[in-house]
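*Asks:* Those protein sequences? They're chains E and X, same order as listed. Under my numbering, the first residue of the first sequence carries the number 1, and numbering increases by one thereafter. Under my numbering, the first residue of the second sequence carries the number 1, and numbering increases by one thereafter.
Everything labelled a hint here was simulated from the structure, so no lab data went into it. Misleading hints may appear alongside valid ones.
[To be verified] The calculated lysine to aspartate or glutamate pairs, modelled on EDC-like cross-linking and capped at a C-alpha distance of 16 Å, are: (1) E/Lys62 <-> X/Asp300; (2) X/Lys172 <-> X/Glu212; (3) X/Lys323 <-> E/Glu184.
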Amino acid sequence: MEEETNTGTGDATSSLAPVFVVGPARSGTTVFTHTLARKYTIACVPETNLIAVLLKMLARSKDATFADFEAKQRDVLMHGQNRPYSILFTPEMRTRRMRDCPDALFEAILRCDRYTEGDRVIEQTPRNGERVRLLRWMFPSSLVFFMSRNPVDVIASNRRTPWGTRNRLKLFLVLLRPYFELRELARTYGLGHTMIVEYEKLADVAQMAEVFGALESRGTTPREAEIDIEPINYSNNDWARDHFRKAGDRLSLDHKPLGPQQRLLRCIGAHVQLRLIDHVRTGRSGPLVLLLSAINSLGNKAFPR
Amino acid sequence: MIRPSRKIGLIGYFGYENIGDDVMLANMKRMVGEENYVLVRPNESLLGALRKLWGCSAIVVCGGAVIRRTNAAYLKVMVAAKLLCVKRIYYSIEISAWPVGRLGRIQKFVMRNASVFVRDLGSFLIAERALGVGKGTMVVDLFYFDDAMFAQTAGRESHSYGRITLGPGDGKRKLVVLPRTKFNSPNYSEQMNERRILDAIRKRREREIFDEVLLSPSAANDDVGSLSARLHGEGIGYVVADFDAPIALAYGDVVITNRLHIFKAVCLHDVDCVLVSYDPKTEWPEVIGERGEIVSLAGDTLDIADVRIPPSVLAERIALSKKALINAISG
Numbered sequence: 001m002e003e004e005t006n007t008g009t010g011d012a013t014s015s016l017a018p019v020f021v022v023g024p025a026r027s028g029t030t031v032f033t034h035t036l037a038r039k040y041t042i043a044c045v046p047e048t049n050l051i052a053v054l055l056k057m058l059a060r061s062k063d064a065t066f067a068d069f070e071a072k073q074r075d076v077l078m079h080g081q082n083r084p085y086s087i088l089f090t091p092e093m094r095t096r097r098m099r100d101c102p103d104a105l106f107e108a109i110l111r112c113d114r115y116t117e118g119d120r121v122i123e124q125t126p127r128n129g130e131r132v133r134l135l136r137w138m139f140p141s142s143l144v145f146f147m148s149r150n151p152v153d154v155i156a157s158n159r160r161t162p163w164g165t166r167n168r169l170k171l172f173l174v175l176l177r178p179y180f181e182l183r184e185l186a187r188t189y190g191l192g193h194t195m196i197v198e199y200e201k202l203a204d205v206a207q208m209a210e211v212f213g214a215l216e217s218r219g220t221t222p223r224e225a226e227i228d229i230e231p232i233n234y235s236n237n238d239w240a241r242d243h244f245r246k247a248g249d250r251l252s253l254d255h256k257p258l259g260p261q262q263r264l265l266r267c268i269g270a271h272v273q274l275r276l277i278d279h280v281r282t283g284r285s286g287p288l289v290l291l292l293s294a295i296n297s298l299g300n301k302a303f304p305r
Numbered sequence: 001m002i003r004p005s006r007k008i009g010l011i012g013y014f015g016y017e018n019i020g021d022d023v024m025l026a027n028m029k030r031m032v033g034e035e036n037y038v039l040v041r042p043n044e045s046l047l048g049a050l051r052k053l054w055g056c057s058a059i060v061v062c063g064g065a066v067i068r069r070t071n072a073a074y075l076k077v078m079v080a081a082k083l084l085c086v087k088r089i090y091y092s093i094e095i096s097a098w099p100v101g102r103l104g105r106i107q108k109f110v111m112r113n114a115s116v117f118v119r120d121l122g123s124f125l126i127a128e129r130a131l132g133v134g135k136g137t138m139v140v141d142l143f144y145f146d147d148a149m150f151a152q153t154a155g156r157e158s159h160s161y162g163r164i165t166l167g168p169g170d171g172k173r174k175l176v177v178l179p180r181t182k183f184n185s186p187n188y189s190e191q192m193n194e195r196r197i198l199d200a201i202r203k204r205r206e207r208e209i210f211d212e213v214l215l216s217p218s219a220a221n222d223d224v225g226s227l228s229a230r231l232h233g234e235g236i237g238y239v240v241a242d243f244d245a246p247i248a249l250a251y252g253d254v255v256i257t258n259r260l261h262i263f264k265a266v267c268l269h270d271v272d273c274v275l276v277s278y279d280p281k282t283e284w285p286e287v288i289g290e291r292g293e294i295v296s297l298a299g300d301t302l303d304i305a306d307v308r309i310p311p312s313v314l315a316e317r318i319a320l321s322k323k324a325l326i327n328a329i330s331g
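Chain X with its partners taken away, still in its complex shape:
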């Protein structure tokens, strides 16, 4: 565990049922200790950020697609950190494109002399182009650090990630659909995403028989009304789960989702899963598992065997990543 002399600021979308951010926070808390961190809200005002960061030695941006062409998340907070000379650490971030215009220049300003850790080669190359050679460092997603996630399915234990529980199951064969229906990006179209999800559902139903098709929002702000209407129109029987209702997935059920971390979690536990990519950030998944498919933005279907990283390589990278983060915070 790191014992910082002052507190560590942590910023991310915690508590929004975003598995990736929540799991990363759990790991960060374990790393820095429960008493040693300060949570900073993503939409914190400049003054609020200055107040919270006053007593911090570092601030860690906890993963995710924080830099896109039209959006650079947490910018006010990071500007505050730069003004206060607080160490800035971008950990396990994705950069799908560098922001244009003034936003891009401000982003460069705050990232200069920051520790920038990216989680995929695409982000690395973009960071290199924008910030200069040698400014980006590769790490794995902290998601993998949670010991529970490495529990093998042989034990058939249950594991929960937010409201999703993976376990032995109730004997019914379910097709669970967890779409993301809202995403602010010029590349994203709700109709196109629905069409791709429906294609995936059709293909799976052609292959096997399910006792139940369960449709559920993957986050609180998702609205599955349109998708459920289309399923109804195609004569596909389904059940809609409320967002607050826990979803139990059995080993052996099939999941169709847009969400990268749901895909990672279920693949890890040997649940067959289809990731329907909706953004470049979901096109470079780090994943462990034997069963799964990825439908890329271009429409190609890749098997998980084609993209997964060998376990020995991943284990080495996890060790490297952990070392890199500890060195960045305490160095």
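Bound-form chain E, shown alone:
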């Protein structure tokens, strides 16, 4: 895990600077977010697609205001499931244009009854991993955690979900995108305020100490006592509750012993994961990374966002 020293002169401890948890879907973004939300006074708002909706609205009308966003909120937050909260803006904010102050979105979330004890928002939408450069631009002081997991496990987990595709090739192509986008972030703006968190090391004391240190250095307050985070947004998702409880002890729900083929695949997956992380951090491109980069380019054409 690494974090570059940011050379900007901005206020890195702004209490409103959100925290983003991004990465390929099924990389442990939810369990990681809940781990942080248990320990720190952060408002945990999972998978809202706020950024995607904001950009979509701005693409239609550059002068879209927060009043327009409020009206669209049902589309933003519902996703066909019941959400116990809604985002409300002050009368003054409603007339502001979204493009001028996007951080007002997170300010408004903190005013919701549900989140009044949070001093910043942690926004966990895995797909934001495909837009990390824009996130860095819109919220320069925000902290971004990029979740990285063994690609074989990511694909297997996606195939197990009722809403995902079962196409392994498509899943692999879509999995690569966030890594190369993160590499582009490193190449353009650098990796300041950005951390790569390995799912396999979620129980690792050293890794989590760095994560907690990064949060605390930005003024995030630890709770007096850890709390339970109910995954009530995933009302039909018992796996989430179970997964969260196991996060401290075990890193996979898959308790069955792995066969030789599966072990081999996981080894290859772990190697790919390490090469991708190394490429992101250092820019080193061996034959494997070049091949993956070519596959990523083809994937972007075949399955555009």
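Since chain E is already given, all that's left is putting chain X on it; use the hints.
*Replies:* Same frame as chain E, now just chain X:
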């Protein structure tokens, strides 16, 4: 400073009294070094461009509204760069609309695999639609990198941007009008622009008393004859300054202009200013300042407080932008 192994080509409207382009060039020169750049003219022929770019490792398009619906600036030069496999960097550009037809296809061809840095979210979204997701990167206008521009008004020093000097002033309260009277765009109409500027002048004169109304072309090819006739018709006394005459603006005078970078410069130095928008590119200004108004194309008036970026956020973005440009040129 970047030390390129070969020279860097710079292209833009330098020396045309366009503050934005000239200031960007000044910053670029400082970044790459005086000996390490080659200036390429915007209207360079294909052969001329090939000759100039032969010894270049990269070419940087220095900002501005280079891509519009009916126009894609510097296309011949960028095609030459693509043929020579010279790194193409579009820095701090504005895209108000993607060109249609063949022009759009050629523009896509030259921009594929180029580093595209845009200066506003609108341009970013258009670039994304045209070139694909992940092809655009946001940066600030290099205008802000010039140290002199960050000098605070508390010192009351003088600063010059082209022929405009901002300083303590001579005690007379002036209303300075710097219109843009020529612009090649289907959305632009000279009569409509004049009407909007006159509205802005009237509103300001209702609010306060001026010792002098100074009307001046903002660029060499501007013609303020029609606007001055209308001012005369309304009984508003004014003085017309020649384009070559330097204009001194005091902190506290009021400026009405179409020009984005004049607006930025004067706001930065705490001069009250009204930006009368004439093109989508002027609708997304990045600006620092306490006083100012923007009259949008739709006719709404926005206060600068509604649009300005918080200084801490802007400072972070400047650091990110500088890093992005250095990485693009040397990477």
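*Asks:* Work down the list of hints and note, for each, if the structure agrees.
*Replies:* Evaluation of the provided hints:
no. : hint                  : result
1   : E/Lys62 <-> X/Asp300  : holds, 14 Å
2   : X/Lys172 <-> X/Glu212 : holds, 7 Å
3   : X/Lys323 <-> E/Glu184 : holds, 13 Å
Against the hints set out earlier in the document, no violation occurs for any number.
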